[in-house]
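Asker: This is what each chain is made of:
Protein chains: 4
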Amino acid sequence: MMNDINNLINSINHFRDERNWRQFHNPKDLAISISIEAAELLEDFQWKSSESALDSNKENIQEEIADVLIYTLMLCSDLELDVEEIIEEKLKKNGEKYPSN
Amino acid sequence: MMNDINNLINSINHFRDERNWRQFHNPKDLAISISIEAAELLEDFQWKSSESALDSNKENIQEEIADVLIYTLMLCSDLELDVEEIIEEKLKKNGEKYPSN
Amino acid sequence: MMNDINNLINSINHFRDERNWRQFHNPKDLAISISIEAAELLEDFQWKSSESALDSNKENIQEEIADVLIYTLMLCSDLELDVEEIIEEKLKKNGEKYPSN
Amino acid sequence: MMNDINNLINSINHFRDERNWRQFHNPKDLAISISIEAAELLEDFQWKSSESALDSNKENIQEEIADVLIYTLMLCSDLELDVEEIIEEKLKKNGEKYPSN
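Chains as they are written, first to last, in the numbering used here: chain W, 1300 to 1400; chain H, 1300 to 1400; chain L, 1300 to 1400; chain R, 1300 to 1400.
Think of the hints as simulated: they come from the structure by calculation, not from any bench. Note that the Cβ used here is the ideal one computed from N, Cα and C, for glycine as well. Please note that a few of the clues may not be correct.
Derived DSBU-like pairs (lysine-lysine); straight-line CA-CA distance at most 35 Å [to be verified]:
1) W:1347 <-> W:1357
2) R:1357 <-> L:1389
3) W:1391 <-> L:1357
If you only want the chain W side, here are some residues facing chain H, beta carbon under 10 Å, derived [stated by the list, open to error]:
4) 1306
5) 1322
6) 1327
7) 1331
8) 1355
9) 1362
10) 1366
11) 1367
12) 1372
13) 1374
14) 1392
15) 1393
16) 1399
Negatives, chain H to chain R, calculated, CB over 12 Å [said to hold, decoys possible]:
17) 1313
18) 1341
19) 1357
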């Protein structure tokens, strides 16, 4: 049923439609945006251990994770992908590649 | 309540625990993994328009999006972040930065 | 005079012109390519310390570094940037931001 | 002989030694830094064509390219890689994979 993920996607789509941004959101630029946000998340860990990154940048780490998810869910929405379905399928495929004991 | 996202996170955690992989999953390396998967998604659009990328690579695009989500949800789980909450907070913050008309 | 960097750029341009690839090499897709190659380099360090990455992946690390440089020098060439000049300028600017003692 | 690339590497090493930064510069974090700078370069092209990106962000594009090169040359220096040699070898390898007509 995926109500909750659909609620999130609705919030995200509402946000961009209020700003009339959907016109810019072609899939290629959304893929670019996901890479950029992923690098901003990684920047919080640059020159640091996980522990010291979390000590000093916890709030920003949380925000950058949210940005990665926002753009990725936008792309799922635009491509009409069912989030639960694509994750379960990928876990199944990974499971065939890396069988558990 | 976030039942469905929690179900997804449970599937993901079950997958890695079956393989005893959680020991490798420190937050810094998970952030690295998100960047790597984001770049693999971007590779499907390299030298192509959005349209021709989707025509030729739709299935792989779907799989790379799933990989980005899997690692990002793992990191949320390990940092005990509530996915719905961090996204709603970030949308609110972005809304203050970019007010709608 | 930058003879040696110019020699390298000449080799790179010769390589792509032999394959008639320059038509695909717009600056935006070259920037995408640099990010993709940088992530492939990073993948050699995923789940590993620097030491164990170098022990197991030294040759591939060298190749991915070369790919990052190849695409970045292509972009310099296409934008008619003088490599030595832009690096010396950036070091000067960084030096103003982070003065040494 | 590679005088000019060596000159550049000397400038870069001088810059970091004046600031006592070499202690932080393990290969894994340098690879992270290359990915971060590559994403900052990519950000100049986000939501834009190559042309409009160059019209509006030319100076910043130049600076981000310099940052990619600075970190990549640092990593070459620390791993004692000969820049000219690794590029020529990679072009040769790519040439075998993609023969010209």
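Asker: Determine for every hint whether it applies to the structure shown.
Answerer: Structure-based check of all given hints:
1. Between residue 1347 of chain W and residue 1357 of chain W, the direct Cα distance comes to roughly 13 Å. Compliance with the 35 Å bound is thereby established for this hinted pair.
2. The suggested pairing of residue 1357 of chain R with residue 1389 of chain L holds, with an alpha-carbon distance near 14 Å, which does not exceed 35 Å.
3. Pair hint residue 1391 of chain W plus residue 1357 of chain L holds up; C-alpha atoms about 32 Å apart against a cutoff of 35 Å.
4. Satisfaction of the interface hint for residue 1306 of chain W is found here, the shortest Cβ-Cβ separation to chain H being roughly 8 Å, below the 10 Å cut-off.
5. Below 10 Å, beta-carbon pairs count as interface contacts, and residue 1322 of chain W has none with chain H, the closest being about 13 Å; its hint is therefore violated.
6. With a least beta-carbon distance of about 4 Å to chain H, the hint placing residue 1327 of chain W at the interface is held under the 10 Å criterion.
7. A hinted interface residue such as residue 1331 of chain W counts as satisfied when its beta carbon comes closer than 10 Å to some beta carbon of chain H; here the least separation is about 7 Å, so the hint holds.
8. Proximity of residue 1355 of chain W to chain H is violated relative to the hint, the smallest CB-CB distance being about 13 Å (cut-off 10 Å).
9. Here the hint on residue 1362 of chain W is kept, as its CB sits about 6 Å from the closest CB of chain H, short of 10 Å.
10. A hinted interface residue such as residue 1366 of chain W counts as satisfied when its beta carbon comes closer than 10 Å to some beta carbon of chain H; here the least separation is about 6 Å, so the hint holds.
11. Checking residue 1367 of chain W against chain H by beta carbon gives a least distance of about 5 Å; that is within 10 Å, so the hint holds.
12. Contact between residue 1372 of chain W and chain H, as hinted, is supported at the beta carbon level, the nearest pair being about 8 Å apart and thus within 10 Å.
13. Taking 10 Å as the C-beta contact cut-off toward chain H, the hint placing residue 1374 of chain W at the interface holds, the least distance being around 6 Å.
14. A cut of 10 Å between beta carbons decides the hint on residue 1392 of chain W: the least distance to chain H is about 7 Å, and the hint holds.
15. Against a cut-off of 10 Å between C-beta atoms, the interface hint on residue 1393 of chain W holds, since the closest Cβ of chain H lies about 7 Å away.
16. Taking 10 Å as the C-beta contact cut-off toward chain H, the hint placing residue 1399 of chain W at the interface holds, the least distance being around 4 Å.
17. The Cβ of residue 1313 of chain H lies farther than 12 Å from every Cβ of chain R, with a closest approach of about 30 Å, so its non-interface assignment holds.
18. Against the 12 Å criterion, residue 1341 of chain H falls within the reach of chain R, whose nearest CB is about 9 Å from its own CB.
19. Every C-beta of chain R lies more than 12 Å from that of residue 1357 of chain H, the closest at about 23 Å, which supports listing it as non-interface.
Checked against the numbered hints listed earlier, the structure breaks hints 5, 8, 18; every other hint is satisfied.
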